[in-house]
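Those protein sequences? They're chains E and G, same order as listed. According to this note's numbering, the stretch in the first sequence is residues 1 to 338, in order. According to this note's numbering, the stretch in the second sequence is residues 1 to 362, in order.
Just so you know, not all the hints are guaranteed correct.
[What the hints assert, rightly or not] A short list of chain E residues far from chain G (calculated; beta carbon distances all over 10 Å): (1) Lys3; (2) Leu7; (3) Gly13; (4) Arg15; (5) Gly128; (6) Val150; (7) Pro164; (8) Arg307.
[As the list claims (entries may be wrong)] Short, incomplete list of chain E residues facing chain G, as computed with Cβ under 10 Å: (9) Leu8; (10) Ala9; (11) Gly261; (12) Phe320.
[As the list claims (entries may be wrong)] Label-pair distances were calculated between CB atoms; the ranges are: (13) E:Asp39 <-> G:Gly112: 50 to 60 Å; (14) G:Ser341 <-> E:Arg15: 45 to 55 Å; (15) E:Gly136 <-> G:Ile302: 25 to 35 Å; (16) G:Pro163 <-> E:Val104: 37 to 47 Å.
It is worth saying that the hints were derived from the structure and are not from the lab. Keep in mind it's a predicted model, so treat the numbers as computed, not measured. C-beta atoms are modelled at their ideal positions from N, C-alpha and C, and glycine is treated no differently.
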Amino acid sequence: MRKERILLAHGGGGRLMQELIRGLFVPAFSNPVLATLSDAALPGALPPGRPAFTTDAFVVEPSVFPGGDLGYLAVCGTVNDLAVAGATPLWLSFAVILEEGLEVELLRTFVAGAARAAGEAGVQVVAGDTKVVPKGKADGAFIVTAGVGVVPPGVDLGDHRIAPGDAVLVSGPVGEHGATVMACRHHMAGAGLRSDCAPLGSLAAALRDGGVELHAMHDPTRGGLATTCHEAASRAGVRIVLEQEAVPVRAQVAAVCELLGLDPLYVACEGRLLAWVRGEDAEHALSVLRAHPRGVEAAVVGRVEARLPEQAPVVLRTPFGSVRVLDLLAGSELPRIC
Amino acid sequence: MSQERRFADPAAVRALATRIARLAEGLPRCITIMEVCGTHTHAVAAAGLRRLLPPAVRLIAGPGCPVCVTPVGYVDRAEALARRPDVIVATFGDLVRVPSSHGSLEQCRAEGGAVHVVYSPRDALAVARENPGRTVVFLGVGFETTTPTVAAALAEAETAGVPNFRVLAGHKVMPPPMRALALDPAVQVDGFLLPGHVSVIVGSDAFEFVASELGRPAVVVGFAPTDVLRGVEAIVRQVREGRPAIENLYARVVTREGNREARALVDRFFEPVDAVWRGLGPIPGSGLALREGLAHRDAGRIEVEVCAPVEPHGCRCGDVLKGVIDPPECPLFGRVCTPASAVGACMVSSEGSCAAWYRHGG
Numbered sequence: 001m002r003k004e005r006i007l008l009a010h011g012g013g014g015r016l017m018q019e020l021i022r023g024l025f026v027p028a029f030s031n032p033v034l035a036t037l038s039d040a041a042l043p044g045a046l047p048p049g050r051p052a053f054t055t056d057a058f059v060v061e062p063s064v065f066p067g068g069d070l071g072y073l074a075v076c077g078t079v080n081d082l083a084v085a086g087a088t089p090l091w092l093s094f095a096v097i098l099e100e101g102l103e104v105e106l107l108r109t110f111v112a113g114a115a116r117a118a119g120e121a122g123v124q125v126v127a128g129d130t131k132v133v134p135k136g137k138a139d140g141a142f143i144v145t146a147g148v149g150v151v152p153p154g155v156d157l158g159d160h161r162i163a164p165g166d167a168v169l170v171s172g173p174v175g176e177h178g179a180t181v182m183a184c185r186h187h188m189a190g191a192g193l194r195s196d197c198a199p200l201g202s203l204a205a206a207l208r209d210g211g212v213e214l215h216a217m218h219d220p221t222r223g224g225l226a227t228t229c230h231e232a233a234s235r236a237g238v239r240i241v242l243e244q245e246a247v248p249v250r251a252q253v254a255a256v257c258e259l260l261g262l263d264p265l266y267v268a269c270e271g272r273l274l275a276w277v278r279g280e281d282a283e284h285a286l287s288v289l290r291a292h293p294r295g296v297e298a299a300v301v302g303r304v305e306a307r308l309p310e311q312a313p314v315v316l317r318t319p320f321g322s323v324r325v326l327d328l329l330a331g332s333e334l335p336r337i338c
Numbered sequence: 001m002s003q004e005r006r007f008a009d010p011a012a013v014r015a016l017a018t019r020i021a022r023l024a025e026g027l028p029r030c031i032t033i034m035e036v037c038g039t040h041t042h043a044v045a046a047a048g049l050r051r052l053l054p055p056a057v058r059l060i061a062g063p064g065c066p067v068c069v070t071p072v073g074y075v076d077r078a079e080a081l082a083r084r085p086d087v088i089v090a091t092f093g094d095l096v097r098v099p100s101s102h103g104s105l106e107q108c109r110a111e112g113g114a115v116h117v118v119y120s121p122r123d124a125l126a127v128a129r130e131n132p133g134r135t136v137v138f139l140g141v142g143f144e145t146t147t148p149t150v151a152a153a154l155a156e157a158e159t160a161g162v163p164n165f166r167v168l169a170g171h172k173v174m175p176p177p178m179r180a181l182a183l184d185p186a187v188q189v190d191g192f193l194l195p196g197h198v199s200v201i202v203g204s205d206a207f208e209f210v211a212s213e214l215g216r217p218a219v220v221v222g223f224a225p226t227d228v229l230r231g232v233e234a235i236v237r238q239v240r241e242g243r244p245a246i247e248n249l250y251a252r253v254v255t256r257e258g259n260r261e262a263r264a265l266v267d268r269f270f271e272p273v274d275a276v277w278r279g280l281g282p283i284p285g286s287g288l289a290l291r292e293g294l295a296h297r298d299a300g301r302i303e304v305e306v307c308a309p310v311e312p313h314g315c316r317c318g319d320v321l322k323g324v325i326d327p328p329e330c331p332l333f334g335r336v337c338t339p340a341s342a343v344g345a346c347m348v349s350s351e352g353s354c355a356a357w358y359r360h361g362g
């Protein structure tokens, strides 16, 4: 049987587009705000607090991978950006740019993934858009999401609060998303290798409301743990000392990274939380994270120190007692010759 | 404990560092050990091994980073090929950022040049099969470890009949530059950590001349922290005892005679030529060119217009490659030359000494 494919007409505003919206998007995201199909979503009044707003664009090859797909990732990414800012994620938009010829079944997979993520995260997808571009003008599907949330009164998180003495925690093993998609690209995906892609709203809220002095949170996506720490330390004007032995890395991830010449500390996570808490609260914060299903493998991975001039923002203490600087990557990690 | 963990056991590493420090007390003077291979440079930096060594033992990086020693003119030619509408250039990733005379393959790709990053020459062969209407040129850069894989791809192209696959041969072999460095009066090297992967192919016997002719200790080592430190320990001991020899401490994969089959495959397609090494200049017999009968596989025969290569001004990659200076002594290091905008090739690959120093602080 011939596969059903996206045609230019699906983006033309006519009957085919209506079918796509009413037959696919509206039922999947199933909520009364989206169902009105009005020009702008009117989801109601924001709860008390400061509004938080973010947007992100998603492209991933392969678009379906162990542990998720492009749609699931697109919702998780935006939910997580809100969550680590201390916000409770509320409403999302979901815009797709489709390449003519994309299998409709694949689009269904993305939309189902997005709906599943929205359900897990407790957010509503209240607005959307569809564009179709001629074959060759895009690569399958691109998804752009934006999200609105609210930071409860009294909550103030950010790098400005990171201070010497803070402990750095990570909610689970690092590098799983990046290693998984890269393994797929090189036909090395196998048992046990799975993206960590997941919404972090409830985990972040648990820590935020868990009675610890929480200073900042981040999700170590592109560039991984090392890059995220580098950015945070640079903005906060402090030095972060990570303990190599304390950073959880699964054996499968370490193996794939070894084969591809990558450093797991620089490989993306899509469902991990980095948190900076007052040093004295480290153990308590760890128990809060570990009590949550998405944080059972959490660990304290480092501490914050004052940074002297000329000192690198992030260093890694190796188990041999030596220290190595973790700098920003020049661009993406490149495969090496030998 | 996994193999990998066993060779990175913290207690073993610290014990070795202590032993080396004690041995070094008996040295008549400070000594310099060159790790020839780029993967060693990377491993040394990533584990912070240099800081575990006593002041009397200096570890310097040698010319074993393939992209670092690839001359500007080679990259210029690759760029010119990528600009031809009937050519696709396929390359290992770290070559795309290597500065050419006026840009890089990365910039060339952004301007519409056809540059595909691949993990292996066989991936390049697959690109050739998918694009029968265009010539796919694989950038053949690397040492004895990489060349057999290129030869294997050539063999497959010949047998399976993939006419549009060619190689721009820029391969190099390790022993000649080591001889050149040891004989260069400007370079002071007391011993060599021999390239472990290269030794798998050429065998430890191929380096006998280092001890017998050049009078330097040389030790074949692997890439885990304990491997490297055992090598350093062996060299310090040899220097103390004044008895230079070749030792193989990587016997779990390296034999005396190496991999004869891989060498035979390389011999089938390549022959030795004089080659230019960036920073070191021309070295007799240090390169590999495609054999005469393989003109149809030789991308060097595709006509392109290439101007005389322009070397970056002020760049001291050459002195870094010879171990004459440490990267921070170059006036460009960390100022105008960083991994994000590399002036010299040593800043590009994570195997390059400058990149390793920049990223890990030496």
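So, going through the hints one by one against the coordinates:
1. Lys3: Check passes; 21 Å lies beyond 10 Å.
2. Leu7: 26 Å, holds
3. Gly13: 33 Å, holds
4. Arg15: Given a closest Cβ separation of 37 Å, the condition holds.
5. Gly128: 32 Å, holds
6. Val150: Valine 150 of chain E is indeed farther than 10 Å from all Cβ atoms of chain G, at 37 Å.
7. Pro164: 21 Å, holds
8. Arg307: Answer for arginine 307 of chain E: holds, closest chain G Cβ roughly 14 Å.
9. Leu8: Hint violated; leucine 8 of chain E Cβ to chain G Cβ min 25 Å, cut 10 Å.
10. Ala9: 30 Å, violated
11. Gly261: 8 Å, holds
12. Phe320: 4 Å, holds
13. E:Asp39 <-> G:Gly112: 50 to 60 Å: 39 Å, violated
14. G:Ser341 <-> E:Arg15: 45 to 55 Å: The hinted range 45 to 55 Å holds for serine 341 of chain G and arginine 15 of chain E, with Cβ atoms some 52 Å apart.
15. E:Gly136 <-> G:Ile302: 25 to 35 Å: Given range 25 to 35 Å: holds, Cβ gap about 27 Å.
16. G:Pro163 <-> E:Val104: 37 to 47 Å: 39 Å, holds
Checked against the numbered hints given earlier, this structure breaks hints 9, 10, 13; the rest are met.
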